[in-house]
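Colleague: Protein sequence lines, in the order shown, are assigned to chains C and F.
So this note's numbering is basically just the index in the first sequence, starting at one, shifted up by 728.
So this note's numbering is basically just the index in the second sequence, starting at one, shifted up by 3.
Don't take every hint at face value.
[To be verified] Here are some chain F residues pointing at chain C (derived, C-beta under 7 Å):
| no. | residue |
| --- | --- |
| 1 | L46 |
| 2 | F108 |
| 3 | G111 |
[As the list claims (entries may be wrong)] Using 30 Å as the maximum straight-line C-alpha spacing, the simulated DSS-like pairs for lysine-lysine come out as follows:
| no. | chain 1 | residue 1 | chain 2 | residue 2 |
| --- | --- | --- | --- | --- |
| 4 | C | K731 | C | K831 |
| 5 | F | K68 | C | K731 |
| 6 | C | K826 | F | K68 |
| 7 | C | K731 | C | K782 |
| 8 | F | K10 | C | K826 |
| 9 | F | K68 | C | K831 |
| 10 | C | K797 | C | K782 |
| 11 | C | K831 | C | K797 |
| 12 | F | K68 | F | K10 |
| 13 | C | K780 | C | K731 |
| 14 | F | K10 | C | K831 |
Think of the hints as simulated: they come from the structure by calculation, not from any bench.
For glycine and all other residues, C-beta sits at the position ideal for the given N, C-alpha and C.
Listed below are the residues making up each chain.
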Amino acid sequence: LAKTTQPISMDSYEGQEVNITCSHNNIATNDYITWYQQFPSQGPRFIIQGYKTKVTNEVASLFIPADRKSSTLSLPRVSLSDTAVYYCLFKRGNRDDKIIFGKGTRLHILP
Amino acid sequence: SAVISQKPSRDICQRGTSLTIQCQVDSQVTMMFWYRQQPGQSLTLIATANQGSEATYESGFVIDKFPISRPNLTFSTLTVSNMSPEDSSIYLCSVIQGAGGELFFGEGSRLTVL
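Next up, chain C with everything else stripped away, as it sits in the complex (with noise of 0.2 Å):
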């Protein structure tokens, strides 16, 4: 499975649009871009996940170029609550196959 790489961590304030990019220059065809949260003593949970172009829903934005080498994930008017892990991960094609977590962005948000 092709490499994500993302920030390690992030700062932001509330009321704020936070932008988190990944980078995945190895991306393959059938892969699909998928982006998940984890709060402190949880398991992470599935935010969104696109192929190509825009992806919107009520949590978050996906933003996905043309060629695919790189995607993010835009979180409109953040609370303390969005405070957490966020994993860049790669699903592949319509297959259930494993999927492999990266160090993933510690984003945190502050008052």
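Guided by the hints, dock chain F onto chain C, whose structure is given.
Modeller: Here is chain F on its own, set in the frame of chain C:
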């Protein structure tokens, strides 16, 4: 979404002993995954538990240390054998479900080895 229950939620164990963690899912799933998360670290995949066949282990993990059972499509166990303090971690069970192939996790089992 899948509901996953793990037991025990936490335990304190003595060096050299073994502990079995149970994972129960509320629906049938083809593949179950066991991850380990050491303090302050990301998740590391230990193995994929397949029903009716042996588990598939990732590099650095062996069956003698982490034997896995998968007797049916809703249940799996992970045993941490001959524990040492380095095995102190959170162990997480997960499954893939849904049209988008989302990973769902149990609440984790926090092991402390003295």
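Colleague: Mind checking the alpha carbons of K831/C and K797/C for me, to see if they're no more than 30 Å apart?
Modeller: 18 Å, holds
Colleague: For a C-alpha distance cap of 30 Å, please report whether K797/C and K782/C respect it.
Modeller: 14 Å, holds
Colleague: Given the hint that K731/C pairs with K831/C, test it: the Cα-Cα distance must not exceed 30 Å.
Modeller: The hint holds at about 11 Å.
Colleague: Under the criterion that the straight-line Cα-Cα distance not exceed 30 Å, is the pair K68/F, K10/F satisfied?
Modeller: Holds, because 19 Å separates the two Cα atoms, which is no more than 30 Å.
Colleague: Against chain C, is G111/F within 7 Å by beta-carbon distance?
Modeller: 6 Å, holds
Colleague: So if I understand the rule, the pair passes when the alpha-carbon distance is 30 Å or less; does K10/F with K831/C pass?
Modeller: With a Cα-Cα distance of about 27 Å, the restraint between K10/F and K831/C holds, given a limit of 30 Å.
Colleague: Hint check: K10/F vs K826/C, CA-CA at most 30 Å. Holds or violated?
Modeller: 23 Å, holds
Colleague: Is the hinted pair K68/F and K731/C satisfied, with a Cα-Cα distance of at most 30 Å?
Modeller: Holds, because 28 Å separates the two Cα atoms, which is no more than 30 Å.
Colleague: Quick one, is the F108/F hint okay against chain C at 7 Å, beta carbons?
Modeller: 3 Å, holds
Colleague: Grab the minimum C-beta distance from L46/F to chain C and call the hint holds if it beats 7 Å, violated otherwise.
Modeller: Holds. Min distance 4 Å.
Colleague: Take a quick look at whether K731/C and K782/C sit within 30 Å of each other, Cα to Cα.
Modeller: 21 Å, holds
Colleague: Is the Cα-Cα distance between K780/C and K731/C 30 Å or less?
Modeller: Within the cut-off at roughly 18 Å; holds.
The structure is consistent with each of the numbered hints, conforming to all of them.
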